[in-house]
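A.B. asks: With the hints in hand, could you dock these two chains into one complex?
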Amino acid sequence: MAVAVAKRRQARGLGNERTREALVGYGFVALPMAFFLLFFIFPVGYAFYISRYNWQIFKGPYVGWGNYRTLYHDAVFWHHAVRNTLVYTVFVVPLQMALGLALAVVVNQSIRFRTFFRAAFYFPSLAASAAIASIATYILASDGLFNTVLHHLGYHHTNAWFTQENTALPSIIGLNAWTTSGTMMLFYLASLQAIPVDVYEAAAIDGAGAWRTFWKVTFPLLKPGHFFVLVVSIIGSLQMFDQAFLIGGASGGPNYSTMTVVLYLYNQAIKSISFGYAAAVGVVLFAFIFTVTLIQRLLFGRAEVA
Amino acid sequence: MSTEDLPPIPPLAAAEELAREGEAAKGGPATTTGIPGRERAERIRSVIAYTVMFLVAALFAIPFLWSVSTSFRTLADTLGGFSLLPRHWTTSGYHEAFHTFNFGRYTLNSAIIAGAITVSNLFLASLGGYAFARLKFPGREVLFMLVLGTLMIPDQLRLVPIYLMLVNWIPSWVGHLGFHNASFVNRNGVILIQLVSASSLFLMRQYFLTIPRDLEEAAKLDGASYFKTYRKVMLPLAGPALAAVGILTFQGSWNGLFWPAILLQDRSQFTIPIGIANFRFAYTTLWPPLMAASVLAILPILALFIVFQRYFVAGVAAAGVKG
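These protein sequence lines map, in sequence, to chains A and B. Residue numbers for the first sequence follow our numbering, beginning at 1 and rising by one. Residue numbers for the second sequence follow our numbering, beginning at 1 and rising by one.
Isolated chain B, as found in the complex (with noise of 0.2 Å):
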């Protein structure tokens, strides 16, 4: 794989940790046992250790399970001192989110925006990926080092000219294309401006660099065009990337508050962030139904941790550029 053409960016690393299909390399440090004596010394330590791990991960665990704890209270047990455990269950705070905060609609709002994205950056990074990886045209590189470059613009930078861009020259692009009237300052302006990133793009093509070339030489000789080549041959192949991507992706944009909080400005497309960080300065202390909004928005993502945990955490250079 060539690397000389690039400059140090993280997801390399990642991309290469995603081709080795299986557990990540065990390269730790060697441990010194079989010397007699040492035996019980060890023993002592390895306890010791084990236990400042568990407090140090029920530290992490803890503020978690006290919302969850807290979301199934009612307001007047919240009030009424500490108790580990709710006095009353109830699921009134997740009715109360759901019905009276509008939290449904906000859910609802959160899916669109975050399932858009991914897939919109599951096609546009792994076509332009595979062009970049495999296809050679003039230019090549010089375009994807001005992808690579947009990595360093920061999203601040861009909130002034990207907002004032979607309330006045795109309406009027689209316009001419007949739809007139149409807004951005709104789901679709969010949706717009994060239909692809540099990041996922850099995974897929490095991926695709992995991939040997006898498949696509044989697709070739069967005189396959390259968007067949691509879509039968390569996107099966790409599966580790194309998982690692979707889900860095959507967890991205359903986390995301900087450009909801900009674009968002009519409560029906306000997404779970959002809602929360308005419910916040509204009703300040009716933790129950925040808590369950928090739980919300934290479930999902916890769902996709546990089943796709090595994705995530090959993945963890991309999202760590993206902040």
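Next comes chain A alone, as it looks inside the complex (with noise of 0.2 Å):
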């Protein structure tokens, strides 16, 4: 029976089937395809048509590079939001990798309970982010569970950590550091997990303790893993959103102390509804980040996490 039908399908030619196949592909790709073009591929074009003018509520006159200018004088954009996604950026990228890097070598080790740990924790890293933020908001409150432990320990500190001009953004740092963490830990524990076992024996030969060998070996080895997790975290830092928007509220108080670029991005489409402006933010926003992935490509080319 079988046989008979794929006689009858190669009398009908290869050539006619090739096509019914081709044609069934497209079908099978056609939705997503358009889906990617009209809400991923489309909107980077449209974006930087948006932010040539002066467009409100509705399209306004063309002003060329008018919102750039404009951007680049911007003393909010530039002294508060940029300069906080920075001091984020630079501040919780080295924690994130370390903390990161700390819990993916014990979870690595052939201990008891070493799924428990992994989970214990990865989960951080999947909780919803306003959960998060509201938690922390109540364990940093001026009477809240933080600010009891430091009174019991001697420090006195009686502010909410993230009402404080000089304490919120330090306070949002600590916070994503420990929640991203688990993340991290993930990433480099496929890179860990790549590094040949033979590797560890000939240090073990050689008499190197557990501290040495982890300098010498394990952690030059990691390479790719360190660059690869480098780029993710900036990236991710340099698209903060979900806390400053949480904890300091769409105008990033107090006093712009949480305003990230992102957030000003937000604020400049939605709550002053200057689209063209926003888009200008978007592009330049786009630019930098594209800039430091091309950096990532050029420099490890096809190189794999794992």
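Bear in mind the hints are in silico, worked out from the structure with no lab data behind them. Built from N, CA and C at the ideal position, the CB exists for glycine as well. Wrong hints could be hidden among the right ones.
So, partial list: chain A residues that the calculated Cβ filter (under 8 Å) puts toward chain B [to be verified]: (1) PHE28; (2) TYR62; (3) TRP78; (4) PHE121; (5) ALA131; (6) ILE139; (7) PHE245; (8) LEU265.
C.D. replies: Printed below as a string of structure tokens:
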């Protein structure tokens, strides 16, 4: 029976069959491709187009690079949004990497309860940012758990950490270093498991201790992993929005101390309805992130994380 | 499996890990055992190591446990100084969250949005993934590169154009189809713009590439159509990948803040995260209902995580790229 069908197919000709396969292929990818073109590819060009107009609620006159010039002289953007985003990135990236690596090395040992530890360290990365931010607000409130613990340790801190201009951003840095360390741990774990076991055996034969083995063998061999985690971490930090929005509110309070680039973009678009200007902010941010990605590709080419 | 044509995108590792049934490879460093005299030192070291690890794990868990503890307190209890457990256990925090502050409605909205996005991702990503993995058609590689390229486009760049498209174009297009006055600055818009993601499609494609061709060939000989082969042969074999895509998509859209914050303006359509964000500024120190709402946001993901941990871990790269 099957053979007969196959023979009939062959008789119909291979060319015909190929055309049919191609048509079915286009049919199957049509919906996803239409979606990606409409909601991803096209908006890139459209964003740039919008950014060249004085576009409020309705499309206004063409202004060329006008929005970019305004942005160049925008004090709030540079002195608060960009500055905070850079400060955040400079501190949170090394913290995330160090924490992630430390956790990865720990759960990569042949230890008992390995699955449990891995799960416990990873879970904060999965929980809703809104929930984590409100729990953090509660714990870091003026009479919250954190100040209570500090009090028992002899430090008297009576202010809420998120509502003071000088502690709001550092608190967000600490919070996010904690929540994202689990994700970084898993990235590092993949890199660690790619290191061949005989390297460690050789180190053991040479009589190297655990500490020395880590710094002389493991750490240098993780180079592609470091770089991948670094880039993912930087890109994520430049796009920080959730915690700033949830903790400082849309205005990035207190006094712009939690204003980030993306929050500023959100404000310009949704609160001030300055679509042209907001689009310009988006294009600048994209150019920056794209450069970081490009550097990674150029330096590491096709290197895989694992 | 051919990876020559792929840029270095981490979900590749994830798909490979999924394809490898069972626990992840245990490639830990070799431990130096069996050397006499070292054993005592080893034992002391491992006791210290375990203690430190349990302490760190506890430190990671404390914020969550503290929020659960507070969600069962009275408001007076939260103001009355430190106590580990509630002095008077009460579910009034949950009652208030549900009835006074509408979190029952928000939970339903979150479930609707996350559910719709998950179902659509499963369907479109598996269908497209199958075509990209198995069917030959001119321009296939270029189109697939285009899909992967979307991973480099940040949401922030898309904010303004997509917002304007949802306000102006899409309603008028839909109007031509006979649905007049349709609005997309709401739940529909949130769902529409997340119908499928490149990482879902990528994960499905990579998994399909690992499935041996024999079974399809048999179906082909039996005269099965391509759709039937996809539906009856490929989908049943792709269980782990479907699970990973479904779980990661659900987790991402359940927690989602960016698009809902932009598109959900009517209170009746708020999701839990947006409800929490609004609640935080309106009632700054009503901790028990706020913590109850936070527990509500976390609990479904925790349950999923406990049951399907392997898929979360395998798919982390995809989630990490999404941010």
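A.B. asks: Let me make sure I understand: some of the numbered hints might not hold for this structure. Which ones are they, in numerical order?
C.D. replies: Hint check: 2, 3 fail, others pass.
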